[in-house]
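For the record, the sequence lines run as chains A and B.
First residue of the first sequence? That's 1305 in the numbering used here, and the numbers climb one at a time after it.
First residue of the second sequence? That's 72 in the numbering used here, and the numbers climb one at a time after it.
It should be emphasised that the hints constitute simulated quantities derived from the structure, not laboratory data.
Be careful, since some hints might not be right.
One side of the interface only, derived from the structure: several residues of chain A facing chain B at Cβ under 8 Å [unchecked claim]:
hint: 1; residue: I1483
hint: 2; residue: F1488
hint: 3; residue: I1530
hint: 4; residue: V1577
hint: 5; residue: G1578
Glycine is no exception: its CB is placed at the ideal position from the N, C-alpha and C atoms.
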Amino acid sequence: MASSTTMEFEKPIAELERQIDELKKTAGKRQLSVSDEIAPLERKLDALRAEVYKNLTPLQRVQVARNNKRPFTLDYIQLAFTDFIELHGDRLYAEDAAIVGGWARLDGETVMVIGHQRGRDTKENLKRNFGMPHPEGYRKALRLMKLAEKFHVPVLTFIDTPGAWAGLGAEERGQSEAIARNLFEMSRLEVPIIATVIGEGGSGGALALGVADRVLMLENAVYSVITVEGCAAILWKDGKSPEMKERAASALRITAQDLLELGVIDEIIPEPVGGAHSNREAAAQAVHEALVRTLDDLRRYKPDKLVRRRREKYLAMGQFAE
Amino acid sequence: MAWFRKERKPRQPRREKLEIPADAWEKCEACGHTDLREKFVRNLNVCPQCDYHRRIRAADYVNILIDENSWEELDVDLKSVDPLGFPEYPQRLKKAIANAGDGDAIMSVAGTLGGMPVSLGVMDFAFMGGSMGSVVGEKIARLGQRSLERKYPLVIVCASGGARMQEGVLSLMQMAKTSALLAQLAERRVPYVSILTNPTTGGVSASFAMLGDAILAEPGAVIGFAGPRVIKQTIGQDLPEGFQTAEFLLDRGMLDAVVHRRDLKSTVGQLLRHMSGQPAASGWTSP
Chain A
1305 MASSTTMEFE KPIAELERQI DELKKTAGKR QLSVSDEIAP LERKLDALRA EVYKNLTPLQ
1365 RVQVARNNKR PFTLDYIQLA FTDFIELHGD RLYAEDAAIV GGWARLDGET VMVIGHQRGR
1425 DTKENLKRNF GMPHPEGYRK ALRLMKLAEK FHVPVLTFID TPGAWAGLGA EERGQSEAIA
1485 RNLFEMSRLE VPIIATVIGE GGSGGALALG VADRVLMLEN AVYSVITVEG CAAILWKDGK
1545 SPEMKERAAS ALRITAQDLL ELGVIDEIIP EPVGGAHSNR EAAAQAVHEA LVRTLDDLRR
1605 YKPDKLVRRR REKYLAMGQF AE
Chain B
72 MAWFRKERKP RQPRREKLEI PADAWEKCEA CGHTDLREKF VRNLNVCPQC DYHRRIRAAD
132 YVNILIDENS WEELDVDLKS VDPLGFPEYP QRLKKAIANA GDGDAIMSVA GTLGGMPVSL
192 GVMDFAFMGG SMGSVVGEKI ARLGQRSLER KYPLVIVCAS GGARMQEGVL SLMQMAKTSA
252 LLAQLAERRV PYVSILTNPT TGGVSASFAM LGDAILAEPG AVIGFAGPRV IKQTIGQDLP
312 EGFQTAEFLL DRGMLDAVVH RRDLKSTVGQ LLRHMSGQPA ASGWTSP
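If we strip away everything but chain A, and leave its shape as in the complex, we get (with noise of 0.2 Å):
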C-alpha cells in the first residue's frame, strides 16, 4: 500500500537533495552566497532525476503511482480548477470519502469531477480507507454522473485507487451491484466522460470510475486487472518477495505505454521530471492542458453519436481468433 519511506531507486535523488538543502542551510546561516556552488548541483539533480526515471522497472512504477506523496484528487481539483464546491452522499446509506466528487470550473466552464481520493496520513487515510471506496462511494459517483446529465454537464473523473474495498459491509451492501451500474450507466450517459489515471488504477474498484469516450494516464501511473502482489501469489505462491512482484508487473503489462499499445487508453500526460510528486504544480498543468484539449474535442459530438461511439469502443475491446 502507500508508502511514504522513500523509495529505494530514489535515494540518490533523495541524498543529493539533502546536500543542497544543507548547503543552503550553512549558508543562510553564514549569510554567504552559495548560488555559485548550488547550481551545478541543481543541474545534476535534474540530470540524476531524469535518468532515474528513464528507466523505471514496471514494479517501480507501482510503487511510484502509490507512492503518497504523489499528488491526489483534490490535489488536482485545487491545482487545475477553479470554483469547485464538494457533494457528498449517495441518498441511499451514507457519504464515503473514498471517492469525492463535486461542481468545478476548468478553463471557467462548468465540469463534474469526481475521483478516488487516498490519504497521505494514517488519520486521513483512516478517514479515506486508503481510497478503497464502498458500495456507497460508487452510487454517490453515479449520483453525481447523473446530475452532470441532467444540467449537460461534461464528467471529469480521477482513477487513484488500490481497488474497490473487500470487507463485510461492502459485500452485504453490493459492492458487485455499485460497480455493475456504474459501469452500465457510464457506457449510456449522454454527456461527455473523460477518465484520468492519476495513481494507481485497481481492477473493478477503477473501472467504476473509467468508462469514458476518453481515458487518459499519467506517464507514471498504472492501471491493472489485479495487484502485481495478488498476480503473484495466484501463480507463484510468492506474492511478497521483489522478483515474483517485478516478474508480475511486467507480465500483466500495467504502464501507461503498455496500455496505449493494447488500445484502452487514448493519451499518456507526461509527467515532470523526476515524477509528478517531483512538481505538482508542473503535473496539475499538464493535466490541466490535457483535459481542455480532449474536452474542447468532445464537445462537437452530439449525445446520441457520443454514446454510440463510447459503445462502439468499448464493444471491440479484446483480442481473440476466429
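On the provided structure of chain A, position chain B as indicated by the hints.
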C-alpha cells in the same frame, strides 16, 4: 433334543450379487451422503439427502433450461489468444481445452425455452475457473447482439472466479464491454435474466451477473465481489456463517429469488413471459 438340531443348509443367495463397480458411487461434497452416480444425475446433480447443488457443466444447464432438440451452439470457433505474451498462458489454455473442451469458459446457445426463442450463455467453471477473458466477453456481446436484433430474451448462467488475469487489463475491459451491451438491450426493452451459480465472484459478479432484469441464484451458491478468502485476509477475522451465500444475498435485497435447480426452467420461463408480454404457459389457468 435332537429335534432342536436342525440341519443347517447353506443359504443360497436369492439373486446374483449385484456387481456395482466402485466408481459408480458418488459422495455428496456437503453432507457425505453416498449414492449411485446415476441417482445424482437423475436428480440434476442435487444431493437427494441435503439438496446441495453440485457443480455441473455448461452442457448440463443447456439440457436443464432449453427444450429438447431445439438448440444449436453458437460461436464455437472463437478461441483465446495470448495478447500479452503472459507466462505459461498458452500451456494453461491447452490444458484447459484438453480437460474442459474447446468452448472456452462459456457455451453460447440459440434455442427455445418453454417454446420461446432465447439466447443462452452458460459459463463453465471447469474451464480455467470460468474466468472471463476476451472470448467470454465477445461471446456474451454476440449473444446480446443476437438478442438485440431478433428481440429474443437473453439468459446467462454465471459461474466464475472473476476476470482472466492472463489477459491483463483486456479482461478487465470485458466488464465494460458486456455492461455496455446490456445497456443497449435494456434500452430496446429486451428482457435479460441472470442466473448465479456457485461461485459467481469478481469481474463477472461486478458486471453482467448483477445487471439482470431478474437475478436468480441456485441455493447455497457463493456470490460476491471479493472471494471469501480475500475478505478474510483483508479484515483479519473469520466470516459469519452463511456469508455471501445466495440466501444471504436474497436477505440483503441483492437477488430476486433463490431457485432450486429443478425449478429453474419454469421460473425463467414464467419471468420471460411476463417481461415479453406473452400469455402464461399452458397449464397456468386463472384461479
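Taking the hints in turn, this is what the structure says about them:
Given hint, A/I1483 at the interface with chain B, holds; its Cβ is 4 Å from that chain's nearest Cβ, closer than 8 Å. Because the beta carbon of A/F1488 sits about 5 Å from the nearest beta carbon in chain B, less than 8 Å, this interface hint is met. Interface hint at A/I1530: satisfied, since its Cβ lies 5 Å from the closest Cβ of chain B, which is below the 8 Å cut-off. Of the supplied interface hints, the one on A/V1577 is violated, with its beta-carbon coming no nearer than about 27 Å to a beta-carbon of chain B, more than 8 Å.
At its closest, the beta carbon of A/G1578 sits 26 Å from a beta carbon of chain B; the interface hint therefore is violated under the 8 Å criterion.
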